[in-house]
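*Asks:* Build out the structure end to end from the sequences listed, making use of the hints.
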Amino acid sequence: MSNMEVRRTDVVLKANPSRVLLRAFTLVNSEERNRKIISRVLSLSEAEVEAELERVLKKFSHRHRDARRFFAERFQQNHFHLPEGGASLSEARQLLIGAYFTMEYSPEAAALFNPSLVWHPDQSGLPPGARRFILSLRATGEGHISSLVFRTGVITAD
1 MSNMEVRRTD
11 VVLKANPSRV
21 LLRAFTLVNS
31 EERNRKIISR
41 VLSLSEAEVE
51 AELERVLKKF
61 SHRHRDARRF
71 FAERFQQNHF
81 HLPEGGASLS
91 EARQLLIGAY
101 FTMEYSPEAA
111 ALFNPSLVWH
121 PDQSGLPPGA
131 RRFILSLRAT
141 GEGHISSLVF
151 RTGVITAD
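Under this note's numbering, the first residue of the sequence shown is numbered 1, with each subsequent residue one higher.
Treat the hints as calculated values from the structure; they're not laboratory data.
Some hints here could point you the wrong way.
Said to hold, decoys possible - 16 Å max Cα-Cα, derived EDC-like pairs, lysine to aspartate or glutamate:
| hint | residue 1 | residue 2 |
| --- | --- | --- |
| 1 | K59 | E104 |
| 2 | K14 | E108 |
| 3 | K58 | E104 |
Claimed, not checked - Taking CB as the label site, the calculated pair distances span:
| hint | residue 1 | residue 2 | range |
| --- | --- | --- | --- |
| 4 | R65 | V11 | 27 to 37 Å |
| 5 | N34 | D10 | 31 to 41 Å |
| 6 | P115 | R35 | 23 to 33 Å |
| 7 | F80 | L148 | 41 to 51 Å |
Positions of the beta carbon are idealized from the N, C-alpha and C atoms, including for glycine.
*Replies:* Here is the structure:
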């Protein structure tokens, strides 16, 4: 393997707080608060439910591939707070309840650090002297929760 000359560039790695994922919103040991959230959704008319769900989906669907599925899963994880498990509720109302138990989380909201670089296994289609890499970073998000995030890139000979 030949040596590679390395020199500092002006590239700066910055956290991207707009990169978000859906995460369960859970109120631990708070049956009463969970029931209040659900009762607010139950108090809405069906037209209000459909309009609110449409607003939620419009706001979040472009950032999350399958928001409806996630909301449905969150409803299933919380339906035990409802009489008869909420089986008689419309799909829109179930999804809206699930949305109320969902939050967005930004794993990069606070910081990126501890970079580590390895060569990508696919080096095809690159110009001479270039190498494709995978970069891993430790990300600190909201609540100071640490995650690993990954990026790919290409280092060129110049």
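*Asks:* Does E104 lie within 16 Å of K59 when you go C-alpha to C-alpha?
*Replies:* 12 Å, holds
*Asks:* Measure nothing beyond the straight line between the CA atoms of K14 and E108; if it is 16 Å or shorter, mark the hint as holding.
*Replies:* 9 Å, holds
*Asks:* For a C-alpha distance cap of 16 Å, please report whether K58 and E104 respect it.
*Replies:* Given that 16 Å is the threshold and the Cα spacing comes to 14 Å, the pair holds.
*Asks:* Is 31 to 41 Å right for how far apart the beta carbons of N34 and D10 are?
*Replies:* 50 Å, violated
*Asks:* Quick check: does the Cβ-Cβ distance between R65 and V11 fall within 27 to 37 Å?
*Replies:* 29 Å, holds
*Asks:* Given the hint of 41 to 51 Å, check if F80 and L148 actually sit that far apart at their C-beta atoms.
*Replies:* The hinted range 41 to 51 Å is violated for F80 and L148, with Cβ atoms some 33 Å apart.
*Asks:* Tell me if the beta carbons of P115 and R35 are separated by a distance inside 23 to 33 Å.
*Replies:* At 46 Å between Cβs, range violated.
Violated hints, listed in ascending order, are 5, 6, 7; each of the other numbered hints is respected by the structure.
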